[in-house]
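**Q** Spelled out, the chains give:
Number of protein chains: 2
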Amino acid sequence: MTTFTTMAPDARRVLVLGGTGFLGTHLVDALVRAGSHVRVFARSVPRRDGEASPDEADVSQRLCNVEVVTGDLGSGEGLAAALDSVDIVYHLISSTLPSTSNADPIADVQSNLVGTLRLLQLMRDAKINRIVYVSSGGTVYGNPAMLPVPETHSLKPLCSYGVVKVAVENYLNMFAELYGITANVLRVSNPYGTHQHHIGVQGVIPTFFRKVADGVPIEIWGDGSVVRDYIHVSDVVSALLIAGTRLQSGVFNIGSGTGHSVNEVLDIVQQTIGRAASVRYLPQRNFDVERIFLDIARARAELRWQPELSLDTGCGLYWQEICTRLSGGGAADLDNGRTQ
Amino acid sequence: MTTFTTMAPDARRVLVLGGTGFLGTHLVDALVRAGSHVRVFARSVPRRDGEASPDEADVSQRLCNVEVVTGDLGSGEGLAAALDSVDIVYHLISSTLPSTSNADPIADVQSNLVGTLRLLQLMRDAKINRIVYVSSGGTVYGNPAMLPVPETHSLKPLCSYGVVKVAVENYLNMFAELYGITANVLRVSNPYGTHQHHIGVQGVIPTFFRKVADGVPIEIWGDGSVVRDYIHVSDVVSALLIAGTRLQSGVFNIGSGTGHSVNEVLDIVQQTIGRAASVRYLPQRNFDVERIFLDIARARAELRWQPELSLDTGCGLYWQEICTRLSGGGAADLDNGRTQ
Numbered sequence: 001m002t003t004f005t006t007m008a009p010d011a012r013r014v015l016v017l018g019g020t021g022f023l024g025t026h027l028v029d030a031l032v033r034a035g036s037h038v039r040v041f042a043r044s045v046p047r048r049d050g051e052a053s054p055d056e057a058d059v060s061q062r063l064c065n066v067e068v069v070t071g072d073l074g075s076g077e078g079l080a081a082a083l084d085s086v087d088i089v090y091h092l093i094s095s096t097l098p099s100t101s102n103a104d105p106i107a108d109v110q111s112n113l114v115g116t117l118r119l120l121q122l123m124r125d126a127k128i129n130r131i132v133y134v135s136s137g138g139t140v141y142g143n144p145a146m147l148p149v150p151e152t153h154s155l156k157p158l159c160s161y162g163v164v165k166v167a168v169e170n171y172l173n174m175f176a177e178l179y180g181i182t183a184n185v186l187r188v189s190n191p192y193g194t195h196q197h198h199i200g201v202q203g204v205i206p207t208f209f210r211k212v213a214d215g216v217p218i219e220i221w222g223d224g225s226v227v228r229d230y231i232h233v234s235d236v237v238s239a240l241l242i243a244g245t246r247l248q249s250g251v252f253n254i255g256s257g258t259g260h261s262v263n264e265v266l267d268i269v270q271q272t273i274g275r276a277a278s279v280r281y282l283p284q285r286n287f288d289v290e291r292i293f294l295d296i297a298r299a300r301a302e303l304r305w306q307p308e309l310s311l312d313t314g315c316g317l318y319w320q321e322i323c324t325r326l327s328g329g330g331a332a333d334l335d336n337g338r339t340q
Numbered sequence: 001m002t003t004f005t006t007m008a009p010d011a012r013r014v015l016v017l018g019g020t021g022f023l024g025t026h027l028v029d030a031l032v033r034a035g036s037h038v039r040v041f042a043r044s045v046p047r048r049d050g051e052a053s054p055d056e057a058d059v060s061q062r063l064c065n066v067e068v069v070t071g072d073l074g075s076g077e078g079l080a081a082a083l084d085s086v087d088i089v090y091h092l093i094s095s096t097l098p099s100t101s102n103a104d105p106i107a108d109v110q111s112n113l114v115g116t117l118r119l120l121q122l123m124r125d126a127k128i129n130r131i132v133y134v135s136s137g138g139t140v141y142g143n144p145a146m147l148p149v150p151e152t153h154s155l156k157p158l159c160s161y162g163v164v165k166v167a168v169e170n171y172l173n174m175f176a177e178l179y180g181i182t183a184n185v186l187r188v189s190n191p192y193g194t195h196q197h198h199i200g201v202q203g204v205i206p207t208f209f210r211k212v213a214d215g216v217p218i219e220i221w222g223d224g225s226v227v228r229d230y231i232h233v234s235d236v237v238s239a240l241l242i243a244g245t246r247l248q249s250g251v252f253n254i255g256s257g258t259g260h261s262v263n264e265v266l267d268i269v270q271q272t273i274g275r276a277a278s279v280r281y282l283p284q285r286n287f288d289v290e291r292i293f294l295d296i297a298r299a300r301a302e303l304r305w306q307p308e309l310s311l312d313t314g315c316g317l318y319w320q321e322i323c324t325r326l327s328g329g330g331a332a333d334l335d336n337g338r339t340q
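Going down the list, the protein sequences come from chains E and X.
Going by full-length UniProt numbering, the first sequence wraps up at 340, each residue one higher than the last.
Going by full-length UniProt numbering, the second sequence wraps up at 340, each residue one higher than the last.
These are computed hints drawn from the structure, not numbers from a lab.
Certain hints may be false.
Among the chain X residues that face chain E by a calculated CB cut under 8 Å, a handful are [said to hold, decoys possible]:
#, residue
1, Ile106
2, Pro148
3, Thr152
4, Val163
5, Val216
6, Ile220
Computed spacing ranges between beta-carbons, pair by pair [claimed, not checked]:
#, chain 1, residue 1, chain 2, residue 2, range
7, X, Leu97, E, Asn143, 33 to 41 Å
8, E, Ala276, X, Ala297, 55 to 63 Å
9, X, Asp312, E, Ser154, 49 to 57 Å
10, E, Glu302, X, Ala145, 12 to 20 Å
11, E, Ser85, X, Gly224, 44 to 52 Å
Covered stretches of chain X, going by a simulated chain E footprint (3 or more residues, C-beta under 8 Å) [claimed, not checked]:
#, stretch
12, 123-137
13, 166-173
Note that CB positions come from ideal geometry on N, CA and C, so glycine has one too.
Okay, chain E solo, but in the shape it has when bound (with noise of 0.2 Å):
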C-alpha cells in the first residue's frame, strides 16, 4: 500500500470521499493511473477474505494500491486523520438516495448537510483549499421549466436528498466567498456503469440489464415515460479529473445532454443482450421528476469536457464488461445487484 508517507514529494495528495463505491471506485483508478497519490475515506475496507463477494473482491483489488482511512462523514469520526496532508479533496459521499432520502430528512441532514460543514471547516482550518463535490443534476431543478435544463434554472427540489444538494451547494459557495476554498460542483446526471449497486431510478441499467439476462419480470414505477440523463461513469469521471485542476471556483451540469425515457433504455438493454424483458407498470412516485436532461454547454466551453460515450455505445461497453467478468469467473456485479 502506498501512504502520503512514502509518496513522491511532485506528486498530489488527493483524498476520495466515499472512495469505495460506484464512481469512486472508478476515480480511484482513474487518479492512480494519472500519477496521483490516493487516500480513501470510507465507512469499511472491502473485504477481501474468503467470503467477499466477487464485487467486493474486485474492489478491494483495485484499492490495493491506495490508501484507506475507515470512518464516518457523519459523525466526523475518522475526518480529520484522513485529511492529514492533503491537497484536494473529492467529495463523493451521500448517505441517502433521492427516492429513500423524504423517509426521514432529519437523518438526511445530519448525516449528509452537517457532516459536510465538519468537512468544510476542518479544511478551511487545515488550510485545503480544493474541494470538488458530486452534486445532483437529477434533483436540484426539481421539474424543470425548460430542457435541455442550465445550471442558472431555479432550485426547487422535491425530495430532501436535492434539498440537502442545494444547502450543500450554497456552504461551499459560502465558503468560496469568505475562506478562499475554490470548490467545484458537478450536478451529474444519471450515471452507469459497472459496480454501481443501487435499485431504483438511479441504478437502473444495471437492474435492466440483470433482469433481462436472468428472464426476471422487470417492475418500472409509472408507464415508463419518465425522462432521464443517462452518462456513462468514464464521463464523469473525464469530468471529475478536470474540475480538480481548476483554479476558480464553478458550478458545472455534468450529463449526455440528451433524455431517454426509461422504456426507451429498456429497449437498449434488450437490443444489446439479444433478449425481451417481460414488464410490470407500477404507480407512479410522486417525488419523481417527469422529464429531465442537462444543458452542458457551460461544461464544454469552461471545462473543455464532453461526453464521449451515446447511451448506445455505453450500454454495449457495460454489457461487454460484465460479460468480460462473467467469463472470467467472476459475476461480480450481476451476482452483487441479485442479493439486494
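We have chain E; now place chain X onto it with these hints.
**A** What follows is chain X alone, placed relative to chain E:
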C-alpha cells in the same frame, strides 16, 4: 388567559412560534385584535414580577390575553403540545442572526433547520396544513445581480443564516408538493419598530435612535454606503395577516421596494430627533451584501398588499411611540437597547 379550550368555536386557532420576539409581539397583538385565538410558543414567558424590565413588562402585558407554551424549537421540547388543536402556524423563530450565524453553521443547522423539519413532520402527522414562514429578503439572494431583486432571482446566500432559510424554504415547498401543506413564505427585508432588540444591521434604526438620543458615538461597518430595504413592522404584520388567509402556497418579497443607505438612515434619525450624531466608521464585514432592495410587485398583485409607511414616516412613528412610552414612565426600548 384565553385558552383554546375556552374559546369561541368558530374562531381560528393560531400558533405563533416566536410570539414573544420583535415581529411576534406585534403579530400577536394584531391577531388578537382580528379575533383569532392565539397560542404563543417561546423559550420563556416574559417576567411579570418586580424585577421585569419595562420592555419585559410591556411584552408580558401584551401576552396576558393569549396562551403561552414554553419550549424549544431546536430540541423539539414542548412543540407537540403547542401544536395541539391548531389551525395555522406562524413560524417566526430563528436562533441565529445573519451577522453571527457563520461563527457556528452546524449549530445554525441543528437548531433552525432540524427544528423546522421536526415541526413540519409533526404538522403533517397532526394534519395541520397551513404555515406562514418568515424568511429573509436580505440574505437569501446574496449580492443581487439586479435591483430591485425579484423572487425569481437565483438564491446565493453568503451567510449560514441565509443558507438555512433557503433550505427551510425548499423543505416547505417539498412538503407543500408532497403532503398538501399550504406554505406561504414571506421574504421580509429589514423590519424596524418597537420591541426590536438586536444590535447590528437588522436593528440599525432602534440602535441609531438610542445612540443619537443619548449622545453616544455611532459605529458603522464600512463607509455607510451599504443599502438596505427598511420596512416598518406594521407593514410586515399586515402582510403576515394576509398570508395567513391564503389557500394556496406562495413565496413573496415583503419590503418597502426602495433602498436606503446606512448614512441616509442616520440622516433621517438625526432629523427626526433634531440632534446631530458622532460617527465612527469600522472595516467592512465581508459577509455583508452591498446593496439590496426588493421587488414587491408579486406581493402587490397576489396578496393585494402594499407598504403604507415611508422610511421618514415610519421613523417618525417609531420615535413618537418611544417618546410616549418614555413620558409614560417606561423607558422600555431605550433601556433595553442600552443593556445589550
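**Q** For the hint on X/Ile220, just tell me whether its beta-carbon gets within less than 8 Å of chain E.
**A** Hint violated; X/Ile220 Cβ to chain E Cβ min 21 Å, cut 8 Å.
**Q** Should the interface hint for X/Val163 be scored as holding, given a Cβ-Cβ cut-off of 8 Å against chain E?
**A** holds (4 Å)
**Q** When you take the CB atoms of E/Glu302 and X/Ala145, is the distance between them in 12 to 20 Å?
**A** holds (19 Å)
**Q** Given X/Val216 was flagged as interface, is its beta-carbon under 8 Å from a beta-carbon of chain E?
**A** violated (31 Å)
**Q** For the hint 49 to 57 Å, verify it against the beta carbon of X/Asp312 and that of E/Ser154.
**A** violated (36 Å)
**Q** So is the stretch 123-137 of chain X in contact with chain E by the C-beta rule, three or more residues under 8 Å, or is the coverage claim wrong?
**A** With 0 residues in contact (Cβ-Cβ under 8 Å with chain E), the coverage given for the stretch 123-137 of chain X is violated.
**Q** Any CB of chain E closer than 8 Å to the CB of X/Ile106?
**A** This hint holds: X/Ile106 lies near chain E, its Cβ roughly 5 Å from the closest one there, short of 8 Å.
**Q** Can you tell me if the stretch 166-173 of chain X counts as covered by chain E, using C-beta to C-beta distances under 8 Å and a minimum of three residues?
**A** Holds: 5 residues of the stretch 166-173 of chain X have a Cβ under 8 Å from chain E.
**Q** Is it true that X/Leu97 and E/Asn143 lie within 33 to 41 Å of each other by Cβ?
**A** holds (34 Å)
**Q** Would you settle whether the hint for X/Pro148 is holds or violated, based on the nearest Cβ-Cβ distance to chain E being less than 8 Å?
**A** violated (18 Å)
**Q** Is the hint on X/Thr152 kept, meaning its closest Cβ partner in chain E is under 8 Å away?
**A** Since the shortest Cβ distance to chain E is 7 Å, the answer is holds.
**Q** Take a look at whether the Cβ-Cβ distance between E/Ser85 and X/Gly224 falls inside 44 to 52 Å.
**A** Holds: the Cβ-Cβ distance is about 45 Å, inside 44 to 52 Å.
When the structure is compared with the earlier hints, violations turn up for hints 2, 5, 6, 9 and 12 and for no others.
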